[in-house]
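Undergrad: Which chain is which? The protein sequence lines are A and B, in order.
Taking the numbering used here as reference, the numbering of the first sequence is continuous, increasing by one, and the terminal residue is 114.
Taking the numbering used here as reference, the numbering of the second sequence is continuous, increasing by one, and the terminal residue is 228.
Note that these hints are calculated values from the structure, not bench results.
It is possible that part of the hints are untrue.
Stated by the list, open to error - Cβ-Cβ distance ranges computed for the label pairs, FRET-style:
no.: 1; chain 1: A; residue 1: T55; chain 2: B; residue 2: T190; range: 19 to 29 Å
no.: 2; chain 1: A; residue 1: R77; chain 2: B; residue 2: D177; range: 38 to 48 Å
no.: 3; chain 1: B; residue 1: M153; chain 2: A; residue 2: G62; range: 24 to 34 Å
no.: 4; chain 1: B; residue 1: G156; chain 2: A; residue 2: E66; range: 18 to 28 Å
no.: 5; chain 1: A; residue 1: Y39; chain 2: B; residue 2: Y211; range: 39 to 49 Å
What the hints assert, rightly or not - Residues from chain A that keep clear of chain B, each with C-beta distances beyond 10 Å, as calculated:
no.: 6; residue: S3
no.: 7; residue: E66
no.: 8; residue: S84
no.: 9; residue: I103
no.: 10; residue: A106
Keep in mind that this is a model prediction, so the values were computed, not measured.
Glycine residues also receive a C-beta, built at the ideal position from the N, C-alpha and C atoms.
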Amino acid sequence: AQSVTQLDSQVPVFEEAPVELRCNYSSSVSVYLFWYVQYPNQGLQLLLKYLSGSTLVKGINGFEAEFNKSQTSFHLRKPSVHISDTAEYFCAVSGNTGGFKTIFGAGTRLFVKA
Amino acid sequence: DAGVIQSPRHEVTEMGQEVTLRCKPISGHNSLFWYRQTMMRGLELLIYFNNNVPIDDSGMPEDRFSAKMPNASFSTLKIQPSEPRDSAVYFCASSGYMGSGEQFFGPGTRLTVL
Numbered sequence: 001a002q003s004v005t006q007l008d009s010q011v012p013v014f015e016e017a018p019v020e021l022r023c024n025y026s027s028s029v030s031v032y033l034f035w036y037v038q039y040p041n042q043g044l045q046l047l048l049k050y051l052s053g054s055t056l057v058k059g060i061n062g063f064e065a066e067f068n069k070s071q072t073s074f075h076l077r078k079p080s081v082h083i084s085d086t087a088e089y090f091c092a093v094s095g096n097t098g099g100f101k102t103i104f105g106a107g108t109r110l111f112v113k114a
Numbered sequence: 115d116a117g118v119i120q121s122p123r124h125e126v127t128e129m130g131q132e133v134t135l136r137c138k139p140i141s142g143h144n145s146l147f148w149y150r151q152t153m154m155r156g157l158e159l160l161i162y163f164n165n166n167v168p169i170d171d172s173g174m175p176e177d178r179f180s181a182k183m184p185n186a187s188f189s190t191l192k193i194q195p196s197e198p199r200d201s202a203v204y205f206c207a208s209s210g211y212m213g214s215g216e217q218f219f220g221p222g223t224r225l226t227v228l
């Protein structure tokens, strides 16, 4: 079975500071990994995804994530955050098991303070 | 494309009433997902379809919940009878590829059961 753990439920950070949102997964098969963002009163939208190839994945809005197979992690980073990055971020995993069902983490709420 | 369309956006009903939520996926997508989001339980996958066929309904909380996808462009999630604990935001999402594909989320239906 697959699972996703987002290690921080809330991350406060000052504007223009760097941020890392942590995600660990477990799976017995090859995985596809995703980060989604949810702004208030909206649905989720994709930030970036890892399917194969380069372990460093770049996404929208200056975010990037690194797939680390040995540590089963897929942490999300941004070198300098803006107030507008305040949102909830979800890590997700899917793979060739369970009918390719995508499993979402519990979410990390990022608060960017002025 | 207009994206995933959900209706209604808000629904307030009384306990015991039937509620029907509607979803129109993105044209050409062959997978459709229904999620429920609450503060307590986070984002839960209720059911998903591939090519209009239900693949996994293990997330449907109980027999009061039912979902149908009569054709590739329409799906419904029905709750009968509704209860206050069903109050949540319900999201529909669609994808062109199971597992490795991005899921496109609708804006959600905020359901309040009094």
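Undergrad: Work down the list of hints and note, for each, if the structure agrees.
TA: Outcome of the hint check:
1. A:T55 <-> B:T190: 19 to 29 Å: Given range 19 to 29 Å: violated, Cβ gap about 41 Å.
2. A:R77 <-> B:D177: 38 to 48 Å: With Cβ atoms ~44 Å apart, the hint holds.
3. B:M153 <-> A:G62: 24 to 34 Å: holds (29 Å)
4. B:G156 <-> A:E66: 18 to 28 Å: holds (25 Å)
5. A:Y39 <-> B:Y211: 39 to 49 Å: violated (25 Å)
6. S3: Nearest chain B Cβ is 13 Å from S3 (chain A), so the label holds.
7. E66: holds (19 Å)
8. S84: holds (19 Å)
9. I103: Not fine: 8 Å to the nearest Cβ puts I103 (chain A) too close to chain B.
10. A106: violated (5 Å)
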